[in-house]
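Since the structure of chain A is already known, use the hints to place chain B on it.
Number of protein chains: 2
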Amino acid sequence: MPDTQRVTLQDVRDAAERISGAAHRTPVLRSRTLDALVGAEVFLKCENLQRMGAFKFRGAYNAASRLRAEQLAKGIAAYSSGNHAQAVALAARELGTSAVIVMPSDAPRAKLEATAGYGAEIVTYDRCTEDRVAIGEALAAERGLALIPPYEHPHVIAGQGTAALELIEEVGELDALVVPVGGGGLIAGCATAAKALLPAIRVVGVEPEAGDDTKRSLEAGRRVSVPLPRTIADGQAADIPGELTFSVNRLLVDGISLVGDDHLRDAMRFAFERLKTVLEPSGASALAALLAHRVDALPRRVGVILSGGNVGAERFAELLGR
Amino acid sequence: MPDTQRVTLQDVRDAAERISGAAHRTPVLRSRTLDALVGAEVFLKCENLQRMGAFKFRGAYNAASRLRAEQLAKGIAAYSSGNHAQAVALAARELGTSAVIVMPSDAPRAKLEATAGYGAEIVTYDRCTEDRVAIGEALAAERGLALIPPYEHPHVIAGQGTAALELIEEVGELDALVVPVGGGGLIAGCATAAKALLPAIRVVGVEPEAGDDTKRSLEAGRRVSVPLPRTIADGQAADIPGELTFSVNRLLVDGISLVGDDHLRDAMRFAFERLKTVLEPSGASALAALLAHRVDALPRRVGVILSGGNVGAERFAELLGR
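Chains A and B are the protein sequences, given in the same order.
First residue of the first sequence: 1, per my numbering; consecutive thereafter.
First residue of the second sequence: 1, per my numbering; consecutive thereafter.
Chain A with its partners taken away, still in its complex shape:
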């Protein structure tokens, strides 16, 4: 394994042990209709049914639970467009400490409310003019909090990888794994686990067309930034891959498929009407890529991460009423 890959299957296994009992072992959904539509056997890993409604709890809890007791007692902090915020807030509550979360002022209502509901203090910023990393770091330094980044941390990446580990443990051999890409933490962890367990597996990332920074970066062989993405996939509005996540993904990710907002809407509707399950736009992106036939040469057995379901009923109605 090259030196640059700083997360291993053992790290993911350790994370799985650590989050066991705190995180849900989420169900794997099948659908005959979906299989017929895409011409493959599809296994849907339902991270929308994870605690706080998204995979993010895996990484946040794994990272927070590894802090020294003195540090944990001082509290933790995070910056996030939404789901990582809720994840850190819930992890703090579960571990008996406090959390301060830096969130964009235009984050979805459901996510702001849920984060506050877990007892966290929320500090908002303007996504277009302010730098969340700078705000988060200043705040953490000032108050002595441990900052848990949304993806640029080996414990976060290893935690997210447990989603793929569980999926493969449950369904066995897979020919491909299709994973949403925002900052790249979920796919970095999932690819680490999947490629170690099934060396022949193809790992495909899915980004919104408007935010194809990881696709461009993989093609360029270095991190490339794109203009701030305008997409309904608020969890995937990254404009540049993480340094750590990209160092993993450039080695392990086989390709990136792109989906437009209408593909995301179609996938959310399909999930609602046929699977009876709720997906937020980002959470539907991997499914959207399959339904839109945006994944080339789809093999027989395909794992898909449904990464989150945090969308309010009104926002859902608004999104689908195009």
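The set of hints was computed from the structure by calculation and includes no laboratory data.
The beta carbon of each residue, even a glycine, is placed where N, CA and C say it ideally should be.
Be a bit skeptical, because a hint or two may be false.
Stretch by stretch, here's where chain B covers chain A in the computed footprint (C-beta under 8 angstroms, at least three residues) [said to hold, decoys possible]: (1) 47-58; (2) 251-263.
Chain A residues, not near chain B, derived (Cβ > 10 angstroms throughout) [what the hints assert, rightly or not]: (3) Ser-20; (4) Leu-72; (5) Leu-95; (6) Ser-98; (7) Ala-116; (8) Asp-126; (9) Glu-170; (10) Arg-269; (11) Glu-273; (12) Lys-276; (13) Val-278; (14) Ala-292; (15) Ala-317.
What follows is chain B alone, placed relative to chain A:
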């Protein structure tokens, strides 16, 4: 057991064996938020994740699969406000025969489309002026079809009871079981299984306030009709209990809770936002009764049947946009 009870636990067990492989063994959902809100341990049996999206497939398949081969080859027929239509249509397809379904012309679009999608021929009628039983029976006689009624049949009732059988097999002891009531087939089957397995269990039915025919009938000790119910719970718009179902339910059902349309909306929203699962109004009624604290003296461990999730995305948005 009194003579009047024409369905037994053994019938439910036989049905379970017969539908195994064709029907899904649906998952049981838990929610810490829900438990905290209602002050009990709640086990949600997800029949919205059943094939065709509702419990109805259990009874329809069980009944159809027991027809003589010559009869099955001639085809089957049904009258239904929606989910039983889809259930019979899908059962026919699975068993290699044809189906004719008599449906109200104002049935939800999603249900009409899905029924046609399973390959059935649809005959519509006016719910306010025409008699679906008469139309169904005439049609069946004319074409030599076997009519599978939505609830007035021991094989249908036994099939629906497999939902409770599976739930109790999976989670063990329950103090109460809360079940939506339309024509009374689901609760008759579920109560048969539940009371035989757990004699101390309390079985509570839930009806819409506008369609409280079973509640009134149980109180009167005989079948009582109510004016044609106006409710968003289209699957529970019965105006009089079935003769057979009532003969079972009067012996086994301990009480009926009523819910209004707003309770149903609240429960659908709760299921969407917190459970990430899609329920149609009728399918949410048992959950609604719990959330609205309409079930008296709620004991510790409570089973709830989420009976169906067939609602289009637009209709869902419309229902919640009060």
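The hints, checked one at a time:
1. Counting residues of the region 47-58 of chain A whose CB lies closer than 8 angstroms to any CB of chain B gives 3, so the stated coverage by that chain holds, three being the minimum.
2. Against chain B, the region 251-263 of chain A contributes 0 residues with a C-beta closer than 8 angstroms to a partner C-beta. That does not satisfy the three-residue criterion, and the hint is violated.
3. Residue-level check passed: A:Ser-20 sits 16 angstroms from the nearest beta carbon of chain B, beyond 10 angstroms.
4. Look at A:Leu-72: its CB is around 22 angstroms from the nearest CB on chain B, clear of 10 angstroms, so calling it non-interface holds up.
5. Separation of A:Leu-95 from chain B is adequate, the least Cβ-Cβ distance of about 16 angstroms exceeding the 10 angstroms criterion.
6. Separation of A:Ser-98 from chain B is adequate, the least Cβ-Cβ distance of about 20 angstroms exceeding the 10 angstroms criterion.
7. The claim that A:Ala-116 lies off the interface holds: its Cβ sits roughly 15 angstroms from the closest Cβ of chain B, which is beyond the 10 angstroms cut-off.
8. For A:Asp-126, the requirement that its beta carbon stay farther than 10 angstroms from each beta carbon of chain B is met, with the minimum near 27 angstroms.
9. The Cβ of A:Glu-170 sits about 13 angstroms from the closest Cβ of chain B, beyond the 10 angstroms cut-off, so the non-interface label holds.
10. The beta carbon of A:Arg-269 is not kept farther than 10 angstroms from every beta carbon of chain B, the shortest such distance being approximately 5 angstroms.
11. Its beta-carbon lying about 6 angstroms from the closest one in chain B, A:Glu-273 breaks the requirement of being farther than 10 angstroms from that chain.
12. A beta-carbon of chain B is positioned within 10 angstroms of the beta-carbon of A:Lys-276; the least distance is around 4 angstroms.
13. At the 10 angstroms boundary, the C-beta of A:Val-278 falls inside the reach of chain B, the nearest C-beta of that chain being 4 angstroms off.
14. The beta carbon of A:Ala-292 sits about 18 angstroms from the closest Cβ of chain B, which is more than 10 angstroms, so the claim that it is off the interface holds.
15. Its closest Cβ contact with chain B, about 3 angstroms, brings A:Ala-317 to no more than 10 angstroms, contrary to its assignment away from the interface.
Violated hints for the displayed structure, listed by number in ascending order: 2, 10, 11, 12, 13, 15.
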